[in-house]
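The working numbering puts the first residue of the sequence shown at 1072, with every later residue one more than the last.
Worth flagging that the hints you see were computed from the coordinates, not collected in a lab. Glycine residues also receive a C-beta, built at the ideal position from the N, C-alpha and C atoms. Take the hints with a grain of salt, since some may be wrong.
Unchecked claim - The calculated label-pair distances, taken between Cβ atoms and stated as ranges, are: (1) 1086 / 1114: 26 to 34 Å; (2) 1079 / 1100: 26 to 34 Å; (3) 1080 / 1100: 13 to 21 Å.
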Amino acid sequence: VTDPWGARVACPLDIRADLAWVGYANRKIRAQVEPVLQELLRGWEGSVPE
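I would like the entire structure built from these sequences, with the hints used as guidance.
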């Protein structure tokens, strides 16, 4: 489980934390999916209203 940018999640995994996370079934899938996901998310940074 990581944050959307591949770092460790730095807050509690509970029902109150305002948190985005990504979970991968295994390392092989992470290696395939994570670079594409991060590229897509970089295109969205700053475009989501708070």
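Each hint, compared with the structure:
no., hint, verdict
1, 1086 / 1114: 26 to 34 Å, "holds, 30 Å"
2, 1079 / 1100: 26 to 34 Å, "violated, 18 Å"
3, 1080 / 1100: 13 to 21 Å, "holds, 18 Å"
Hint 2 from the earlier list is the only one contradicted by this structure; the remaining hints agree with it.
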